[in-house]
Structures are given as C-alpha cells and as structure tokens.
Amino acid sequence: MDIVLFLLFAGVAVVCALNLVIQKHPIASALSLIGVMAALAAIYLQLGGEFIAAAQLVVYAGAIMVLFVFVIMLLNEGKERKAKRLLWVSIGGLPLLFVFVALIHFMITHLLPASENVQFGGFTDGTAAAIGTKLFTAYLLPFEVTSVLILIAIVGAIVLARKEVD
Amino acid sequence: MPFPPFSLVAGVPLTWYLTLSVILFALGVAGFLFRRNIITVFMSIELMLNAVNLTFIAFSYKLKQNDGHIFSFFVMVVAAAEAAVGLAIILTVFKNRQTLEIDEVSSLKD
Numbered sequence: 553m554d555i556v557l558f559l560l561f562a563g564v565a566v567v568c569a570l571n572l573v574i575q576k577h578p579i580a581s582a583l584s585l586i587g588v589m590a591a592l593a594a595i596y597l598q599l600g601g602e603f604i605a606a607a608q609l610v611v612y613a614g615a616i617m618v619l620f621v622f623v624i625m626l627l628n629e630g631k632e633r634k635a636k637r638l639l640w641v642s643i644g645g646l647p648l649l650f651v652f653v654a655l656i657h658f659m660i661t662h663l664l665p666a667s668e669n670v671q672f673g674g675f676t677d678g679t680a681a682a683i684g685t686k687l688f689t690a691y692l693l694p695f696e697v698t699s700v701l702i703l704i705a706i707v708g709a710i711v712l713a714r715k716e717v718d
Numbered sequence: 004m005p006f007p008p009f010s011l012v013a014g015v016p017l018t019w020y021l022t023l024s025v026i027l028f029a030l031g032v033a034g035f036l037f038r039r040n041i042i043t044v045f046m047s048i049e050l051m052l053n054a055v056n057l058t059f060i061a062f063s064y065k066l067k068q069n070d071g072h073i074f075s076f077f078v079m080v081v082a083a084a085e086a087a088v089g090l091a092i093i094l095t096v097f098k099n100r101q102t103l104e105i106d107e108v109s110s111l112k113d
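Chains as they are written, first to last, in our numbering: chain Y, 553 to 718; chain R, 4 to 113.
Certain hints may be false.
[Said to hold, decoys possible] Under 8 Å between C-beta atoms, here's a sample of chain R residues computed to sit facing chain Y:
1. T18
2. T22
3. L23
4. L27
5. G34
6. L50
7. V55
8. L57
9. A84
[Unchecked claim] Pairs of lysine-lysine, BS3-like flavour, derived with a Cα cap of 25 Å:
10. K112(R) <-> K98(R)
11. K65(R) <-> K715(Y)
12. K686(Y) <-> K98(R)
13. K576(Y) <-> K98(R)
14. K686(Y) <-> K67(R)
[What the hints assert, rightly or not] Covered stretches of chain R, going by a simulated chain Y footprint (3 or more residues, C-beta under 8 Å):
15. 36-47
16. 60-68
17. 74-82
18. 93-103
In case anyone wonders, no lab produced these hints; they're calculated from the structure. Each residue gets a CB set at the ideal place from its N, CA and C atoms; glycine is no exception.
Using the sequences provided together with the hints, build the complete structure.
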C-alpha cells in the first residue's frame with residue numbers, strides 16, 4: 553500500500569514539475585508548482601514528517617505561492633517568446649541533464665548502504681511537539697537569527713517595491 | 004518476471020525517494036536554464052529547494068532523527084524571505100524596463 557501511494561504522489565509531482573518547465577504562461581507554471589508542493593507534502597507525511605507536511609502546505613503552497621500569483625497577476629505579462637539560446641546549449645542541454653540524473657541515480661543506488669524500507673509509521677519523531685522541543689533547545693540560536701533574517705526581508709521588500717515620493 | 008516487479012507490502016526503498024528528489028532537482032535546473040521569463044526562473048529555484056527538502060526528510064527517516072526536519076523548516080523560512088525580496092526586485096525591474104525577459108536585463112553584462 554505504501555508503494556502504491558508513493559508511486560501515485562511521485563507521479564503527480566514529476567508530471568507537475570514537467571508541466572512547470574514546459575508551460576509557456578507563468579500562471580500555469582505557478583499552478584503546477586502548487587501541485588508539486590501538495591504531492592511532496594503527502595510524501596513528507598509518509599516519511600513521518602507531520603509538522604513539515606503541514607508547514608509545506610501552509611507556508612509553501614499557501615503563502616509563497618499566493619505571493620507569486622499576486623505578482624504574476626499584477627504584472628500581467630502574456631506568453632513568453634521563444635528563447636534564443638547558444639547552439640551547444642540547445643543541442644547538448646537536455647542530454648547533459650539526463651547524464652546528470654543517471655549519474656546521481658547510479659551513485660545513490662550502488663554506493664549507498666542498503667537500509668530498511670520506508671513504512672508509514674516507522675518514524676514518529678516528526679510531530680510538532682518533538683520538532684518544537686528541539687527547535688527551542690538545540691536550535692535556539694539559529695531560530696532567533698531567523699527572525700532577524702525575516703525582518704531584513706520585510707524591510708528590503710518594502711524599500712525595493714515602494715513608490716518613489718519626491 | 005513477476006508483475007509488479009516489487010513487493011507491495013515491503014514498503015518503499017529509500018533510494019526511490021532520493022531518485023524522485025534528483026528528478027525534481029534536474030527539472031528545476033532545466034527550467035532555470037531554458038526558460039527566459041524571470042518569474043518562471045524564480046519558480047524553478049523554488050522547485051530545486053523543494054527537491055533538496057525531500058532529501059533532508061528522507062535521510063531524516065533513515066537516521067531516525069528529526070534534525071533534517073528542522074533543516075528543511077529553515078530552508079522554508081529562507082525561501083519565504085527570498086521570495087519576498089526576489090519578487091520585489093522583479094516588480095522594480097518591470098517598473099523600470101517594462102519587460103520580464105531575463106535576456107533583456109543585461110546591463111551589468113554589457
């Protein structure tokens with residue numbers, strides 16, 4: 553059953569990611585990216601990451617993608633034109649990517665030591681309580697530094713996007 | 004050869020998750036390299052971040068520690084900050100040049 557669910561959601565994720573790259577209109581790409589993120593949230597849940605699956609849906613598929621969709625609708629650019637590329641990029645780019653995937657696939661299947669298979673419920677430390685405890689004890693300093701990062705991002709976004717007032 | 008060529012009750016091999024992550028990352032790289040709309044390029048970066056998050060969670064399962072979950076949580080936070088600033092930059096670029104084509108925003112190169 554685990555394997556059927558994995559294949560289902562992995563298939564959805566790969567098809568949506570492919571659609572993201574192929575689609576000419578940015579709003580179609582954005583919707584595909586939401587599909588990828590929702591499928592990945594289900595896969596995180598299968599790996600025992602309850603908290604991170606919820607955060608994926610709320611933060612990524614919710615907040616960040618709403619930001620993207622807002623900007624796409626604000627700018628309202630239509631389809632993009634056909635790209636002019638260097639000759640060796642248009643001929644050799646896709647084969648190079650396939651070689652990259654095949655190489656890393658070979659590495660992870662042959663060089664990684666064999667481990668037990670992933671079963672739903674095999675890892676239960678991904679709850680909000682367990683993550684929160686670790687976040688506020690072992691990772692307290694990075695967590696606090698994060699708040700400064702967010703503050704910088706807020707100020708930076710406002711400064712960049714404001715209207716010039718003379 | 005039996006069909007399907009894997010056991011339906013044995014669970015999912017960990018390498019399948021890693022392979023899925025590699026495929027998503029490669030698709031992100033493809034989008035980053037071949038697309039010229041600046042927003043789509045930006046979404047490809049988000050796709051690559053998601054692929055790396057999947058690797059963190061998969062290895063977190065293998066090692067039976069939730070540190071990987073915390074790392075991917077931080078990746079999400081950084082992605083949110085990056086999206087806010089990056090989209091503000093895109094808005095400014097569009098305001099000044101009326102285009103979203105990355106090839107036409109090249110005054111630093113020329």
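Evaluation of the provided hints:
Contact between T18(R) and chain Y, as hinted, is supported at the beta carbon level, the nearest pair being about 5 Å apart and thus within 8 Å. Taking 8 Å as the C-beta contact cut-off toward chain Y, the hint placing T22(R) at the interface holds, the least distance being around 5 Å. This hint holds: L23(R) has a C-beta 5 Å from the nearest C-beta of chain Y, less than the 8 Å allowed. A hinted interface residue such as L27(R) counts as satisfied when its beta carbon comes closer than 8 Å to some beta carbon of chain Y; here the least separation is about 5 Å, so the hint holds.
Residue-level restraint check for G34(R) holds (minimum Cβ-Cβ distance to chain Y is 4 Å; threshold 8 Å). Annotation: interface hint on L50(R) holds; nearest CB of chain Y at approximately 6 Å, less than 8 Å. Evaluation of the V55(R) hint against chain Y yields a violated restraint, the C-beta minimum of about 11 Å exceeding 8 Å. At a threshold of 8 Å, the smallest CB-CB gap from L57(R) to chain Y is about 6 Å, leaving the interface hint in force.
Because the smallest distance between the Cβ of A84(R) and any Cβ of chain Y comes to about 4 Å, under 8 Å, the interface hint for this residue holds. Among the hinted pairs, K112(R) with K98(R) is consistent with the structure: their alpha-carbon atoms are about 20 Å apart, no more than 25 Å. Our distance criterion of 25 Å between C-alpha atoms is broken by K65(R) and K715(Y), whose separation comes to about 50 Å. With a CA separation close to 44 Å, the supplied pair K686(Y) and K98(R) exceeds the 25 Å bound.
At most 25 Å may separate the alpha-carbon atoms for a hinted pair to count; K576(Y) and K98(R) meet this at roughly 22 Å. Under the criterion of a C-alpha separation no larger than 25 Å, the hint pairing K686(Y) with K67(R) is consistent with the structure, at around 14 Å. Judged by the Cβ-Cβ criterion of 8 Å, the region 36-47 of chain R is covered by chain Y as claimed, because 10 of its residues qualify and three suffice. Note: the region 60-68 of chain R has 7 residues with beta-carbon separation from chain Y under 8 Å; the three-residue rule is met and the coverage holds.
Counting residues of the region 74-82 of chain R whose CB lies closer than 8 Å to any CB of chain Y gives 7, so the stated coverage by that chain holds, three being the minimum. Only residues whose C-beta sits within less than 8 Å of a C-beta in chain Y count toward coverage, and the region 93-103 of chain R has 5 of them, enough to reach three; the restraint holds.
The structure is inconsistent with the numbered hints 7, 11 and 12, although it conforms to all the rest.
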